[in-house]
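If you read the sequences in order, they're chains X and U. Going left to right, the first sequence walks through residues 10 to 294 as the working numbering numbers them. Going left to right, the second sequence walks through residues 49 to 634 as the working numbering numbers them.
Hints listed in this document are in silico derivations from the structure and should not be mistaken for laboratory results. Glycine residues also receive a C-beta, built at the ideal position from the N, C-alpha and C atoms. Any given hint could be a false lead.
Only pairs whose alpha carbons sit at most 20 Å apart, straight line, appear in this in silico SDA-like list of lysine to any residue [to be verified]:
{"no.": "1", "chain 1": "U", "residue 1": "LYS356", "chain 2": "U", "residue 2": "PHE396"}
{"no.": "2", "chain 1": "X", "residue 1": "LYS187", "chain 2": "U", "residue 2": "VAL201"}
{"no.": "3", "chain 1": "U", "residue 1": "LYS496", "chain 2": "U", "residue 2": "TRP564"}
{"no.": "4", "chain 1": "X", "residue 1": "LYS187", "chain 2": "U", "residue 2": "ILE202"}
{"no.": "5", "chain 1": "X", "residue 1": "LYS187", "chain 2": "X", "residue 2": "GLN152"}
{"no.": "6", "chain 1": "X", "residue 1": "LYS187", "chain 2": "U", "residue 2": "PHE177"}
{"no.": "7", "chain 1": "X", "residue 1": "LYS187", "chain 2": "U", "residue 2": "LYS591"}
{"no.": "8", "chain 1": "U", "residue 1": "LYS591", "chain 2": "U", "residue 2": "PHE177"}
{"no.": "9", "chain 1": "X", "residue 1": "LYS187", "chain 2": "U", "residue 2": "ASP221"}
Covered by chain U, per the in silico footprint, the following chain X stretches (three or more residues, Cβ under 8 Å) [as the list claims (entries may be wrong)]:
{"no.": "10", "segment": "152 to 164"}
{"no.": "11", "segment": "168 to 175"}
{"no.": "12", "segment": "181 to 191"}
Residues from chain U that face chain X, not an exhaustive set, calculated with beta carbons under 8 Å [to be verified]:
{"no.": "13", "residue": "SER129"}
{"no.": "14", "residue": "GLU135"}
{"no.": "15", "residue": "THR223"}
{"no.": "16", "residue": "ALA434"}
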Amino acid sequence: MRLDLRNSSAAMFVALGIAACGGGGDAGSSGGGDTGGGAAPPAATIDPATVGTISGMINFAGDAPAMRAVDMSGEPDCAAAYTGGGPMTQSVLASGGGLANVFVYLSGGVSGAPAASGAVTLNQENCRYAPHVLGAQAGQDIQITNSDNLLHNINASPTTNRGFNISQPRAGITSTQKFASAEVMVPVRCDVHGWMGAYIGVVDHPYFAVSGANGSFRIANVPAGTYTATAWHEEYGEMTGSVTVTAGGSADLSFDYSASMAGADVPLGEPLVVGHDGAHTHAGQ
Amino acid sequence: MATMIAEATGQAILTEEHKQSFLRKYIFSTDHKVIAIQFLFLTLFFLMIGGFLAMMMRYQIAWPDQPIPLGGIFPESMVASGYILPEFYNSLVTMHGSIMVFLAIMPMLVGVYANYLIPLQLGAHDMAFPRLNMYSFWIMIPAGILTLSSFFVIGGAAGAGWTLYAPLSARPDLTGVALGQQMWLASVVLIGLSSIFGSLNYITTVINMRAPGMTWFRMPLTVWALFITAILGLLAMPVLSAAGIMLLFDQTIGTSFFLPEGGGQPLLWQHLFWFFGHPEVYILILPAMGFTSEILAVGSRKPIFGYKAMVWAIISIAFLGFIVWGHHMFQSGMNPALGLTFTISTLFIAVPSAIKTFNWMGTMWRGNLKLHTPMLFAIGFVAMFAIGGLSGIFMASTPVDIYIHDTYFIVAHIHYVLFGGSLFALFGAIYFWYPKMFGRMMNETLGKIHFWLTLIFFNLVFFPMHGLGMVGMMRRIYDASGYRHLEGIADTNALITWSAFALYASGFLFAFNFFWSLWRGKKAADNPWDATTLEWQTPSPPKHGNWAEVPVVYHGPHEYSHPGVTDKDWLAQNERPDVPSPAGGH
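Could you build the full structure based on these sequences and the hints that come with them?
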């Protein structure tokens, strides 16, 4: 393994800085929605009296496009897990005026952050990635598990980070990966099952979340201050907003997506390899 | 101490026998015999490693749904929850083939025996370029380190197969292997350099340093085979090195020699690889043929049948080897007229191959057969090579090849040629020349047990693979259990795997015999096999410089049962038939 001295030193510096400020209490924050990125809160110590919470909503106006049925007949065990209509694609999950699977993160104004700790999880269950969108801090372990007793491969195609293409032929196999630097988003796909796709948002702090089924999200333990926040969705693209967090307070933040934004430019970065089919297109369902 | 070395012409030259440091004598030695022994230990090590990789593959093929024993000792990137991961299996396949071809069999055939035998059998003091010879060995060390360490870098070892077909090998995203693939290529470039250095040396030595009287057609067939092999190596290895560097560029600096999206041609890789690859097949078999000819003549107590035909057969095989590479590419969509051309040129190779096979049988016919271990392996070579050669004829034919392409039929074929052929001959060569190299005999009983176990289990491993290929079992498949057309082959695969374990275990019997005999083996006479070639007319082991007096050669290399000699059944090349040998020559 290559030791990234620069990142390690920076993380150590930040950790020392926080300790010198007499920090204590819980770690930064994590995704707050129902599909909150599978992120476990990083366990660094910060003073709860200096942090606040961002509670937000991803609103969706208009009629969400109908999702297409996924033909899983090639994997009968997976297909059998879906009853009442069968498996559908997941690229736009909107209900009750909210949009799910939107990655929200602080993209400006963050100075220093606790080092990554703990692991986020990405599971392959019934031939789908769960969650479909998740966040991770740069350098944080991403634990990838296969819960299906069949072969999946996990082909991550980042732009600036080192990619990986590994496989897990049996249920219960776990692999731990990480990305060294921030990158929003890293597409992930399974080459065995063309419908399987996920996105990993990698940022260099723990202030991110993924909106849940009703569109809500929550970012906790954010140091007081004014920030730029960015929301990313695989079909409707990026939006930015501003939010001010006060110590001990709860700040509201919302993003308004609409059906008319379909086909927006969705930044993923150029694929690493020329002609790498599908890397730039949506891996998702 | 000054020593007088008499030249054949009667002219005497004075040489200085200098004291050498341990480092100079045993590590950075320029003595061809020491270099050969260095190559021998290195290649035996890699033979063991390559075999171990094969055992892991066999376990996975036979029992894909069971965790591998001791799987926990491997990193998670190779074996997870006890199961061999598919990408690690790809690396196993790739590295087994690569290690066996480039770091075990080829350097054992050439690095060991060309080095050891060419000067000794020709009556030379050493190689033409001793220092270059030393470099050719030491270049192999970083190559070996690169190869082995590539298993432990991110992404693991190369996984695109030993043939490295592009674009699979050129695009890291397809295999998940980036650095490992580059290390493989760097390793192959180094091995190519070693091979080129060696070839230059062997060719020059054979042309310029033959003892007086050692005319071309008095050279032992081993030297002939190694000489022609060196020419093949000199012409073929640079092609692989160049192609390897081009592929490295595709991976690292953004060129597109083999990537269609950048205007390159994946087929170009196939042409370049096989333009090297098919001569490589003969690099791997011609020396084995030379050893076999030598051992069969000694073991039959008869001159080799049709010596000149054997020489021309070697030359013909080498020449034809350069115009048949397309038969590896019948599936590539080539013009049928071109396919037919390659079919015909490939079938031509059956002619010199048959000449050799029948001449070996002619040599043994009514011979006074001495069935010692080297002889058993030589006979085993002839039998196994015949099977491998015949299955090759199947694949030379385009319509048959298209059906069995990339199946276990080809796996069976290549192993009948490379294991049943090259490795059987190599085992024979090791047992045969061991007393000359180390001054001790290997244990004969253990040797015979090793032979019979190897013969039986080799055939149990590889013969059924012909059938597996015919029913469509894909080469390099990670898990064949999920395919309906392959239902019913699980038992055969289990039998093959158990036999492979036994075959590998019998290798340890050989290893035990080899190392035990180094210290405890019976002291060897100078000429324990009553052989005629020049190396047996020196002490066992020969001293630095080989000869106190350069021998004069009077006749061909296989004068057994010579009618003019009554006191023994052989006549050394440096003995005149009309002059009685001192004390019967023993």
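We went through each hint and held it up to the structure:
1. LYS356(U) to PHE396(U): Holds, at about 19 Å.
2. LYS187(X) to VAL201(U): 15 Å, holds
3. LYS496(U) to TRP564(U): Holds: LYS496(U) and TRP564(U) sit about 16 Å apart, inside 20 Å.
4. LYS187(X) to ILE202(U): 12 Å, holds
5. LYS187(X) to GLN152(X): Holds, at roughly 9 Å.
6. LYS187(X) to PHE177(U): 52 Å, violated
7. LYS187(X) to LYS591(U): 59 Å, violated
8. LYS591(U) to PHE177(U): Within the cut-off at roughly 19 Å; holds.
9. LYS187(X) to ASP221(U): Holds, at about 17 Å.
10. 152 to 164: Check passed, 3 qualifying residues.
11. 168 to 175: holds (count 5)
12. 181 to 191: holds (count 5)
13. SER129: 5 Å, holds
14. GLU135: Result: holds, 6 Å to nearest chain X Cβ.
15. THR223: Nearest chain X Cβ about 7 Å off; hint holds.
16. ALA434: Not OK, violated: ALA434(U) not within 8 Å of chain X, min 40 Å.
The structure shown violates the earlier hints numbered 6, 7, 16.
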